[in-house]
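In case it helps, our numbering puts the sequence shown at residues 7 to 336.
These are calculated hints, taken from the structure and not from any lab test. Any given hint might turn out to be false.
[Claimed, not checked] Okay, derived cross-link-like pairs now, DMTMM-like style, lysine to aspartate or glutamate, Cα gap no bigger than 20 Å in a straight line:
1) LYS103 x ASP45
2) LYS103 x GLU126
3) LYS103 x GLU74
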Amino acid sequence: SVTETWNVTSDACESGFNPGEFAVQTCFIGRYGQEIGSDQFGATIMGSASMDSSDGIQRVIIRLSNIEVFYAGQAFRLGRYPVHFHMNGNMNLSYIKSSSIHQTFNRAVNIHATHYLTVENIVIYNVMGGAIFLEDGVEIGNVLRGNLAVFVRTSSSLLNEDVTPAAFWVTNPNNTVEHNAVAGGTHFGYWYRMLETPDGPSFAMYPSFCPHRQPFGRFFNNSVHSVGRFGVWIFPEYAPTIGGSCSADSPYQAVFDRLTSWRNNRGIEWVMSSTIQIRNTVVFDNHDTGIRCVTAINHQSLNRPNLRNTFYFENNGSSVINSIIIGDTG
7 SVTETWNVTS DACESGFNPG EFAVQTCFIG RYGQEIGSDQ FGATIMGSAS MDSSDGIQRV
67 IIRLSNIEVF YAGQAFRLGR YPVHFHMNGN MNLSYIKSSS IHQTFNRAVN IHATHYLTVE
127 NIVIYNVMGG AIFLEDGVEI GNVLRGNLAV FVRTSSSLLN EDVTPAAFWV TNPNNTVEHN
187 AVAGGTHFGY WYRMLETPDG PSFAMYPSFC PHRQPFGRFF NNSVHSVGRF GVWIFPEYAP
247 TIGGSCSADS PYQAVFDRLT SWRNNRGIEW VMSSTIQIRN TVVFDNHDTG IRCVTAINHQ
307 SLNRPNLRNT FYFENNGSSV INSIIIGDTG
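Model the full structure from these sequences, guided by the hints.
Spelled out as structure tokens, the structure:
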């Protein structure tokens, strides 16, 4: 993907990235620094069985450790990611650990309709599109631990999700995200984006599954700094429940614990969501806002009445607890 036929240097874009909601970007195709040209057609590592593990048999076991993956992934091609776990169901015997993924053309680690996978101690640098990406919204029980994502940048060569990428793109909250760090990026550090229904092929496979009602897994001891938009964003509307079914109405608290978020546009924001608790968090030097809640009590379109009335309760409602908020450290 990088040869002497693709070695023309693209000049740096001096304007940089404008985080404004309606800003017009002048850096075409994500040129933020002086870069060497490429055909953006790299290698992929993909595991996909002929059928998933719904019958209890894990037909694919992938164990990757101490590897380096670079100039990988293929732009403009769905499913051609550097490391791709594709619709395998339970993969609790599989992992990727202690490895590096850098200078890629289509995300880094893509987890698609795959559960109980471990992604641990991975260094990710200079990737186009989302770095660690949960795809359809049905993925549960995955452990994302101790990873570092540096310079995750926008890409116009795949989906809208990659135009506004997140280092951690979480479409189902029932996963573990702990001890991770995000350093620099054009848009988001951690985006919890739970929809009413699954995306992609999982939409037909799981017709009665509601990602935005799933109980919360774990978010603990993560950090993020210097991203263009928000360190953590919970959007659209999320109301976790104990049962997790589409009709469930017993609230379940989602605790974001020990986040450190600084020098972003906003530190953390949740939108029209219930039972979100921010605990033991430190936010400082964020350009616009440190901690922001956007809501209209009793006017959330998707939440059942007793999921709406969960504001300002420490044990089972929304609150900010034991946190430090500093506007400008000077």
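So, going through the hints one by one against the coordinates:
1. LYS103 x ASP45: Distance of about 28 Å is beyond 20 Å: violated.
2. LYS103 x GLU126: The given pair, whose Cα atoms are some 5 Å apart, holds under the 20 Å limit.
3. LYS103 x GLU74: holds (11 Å)
Figure legend: structure checked against the earlier numbered hints; the only hint not met is number 1.
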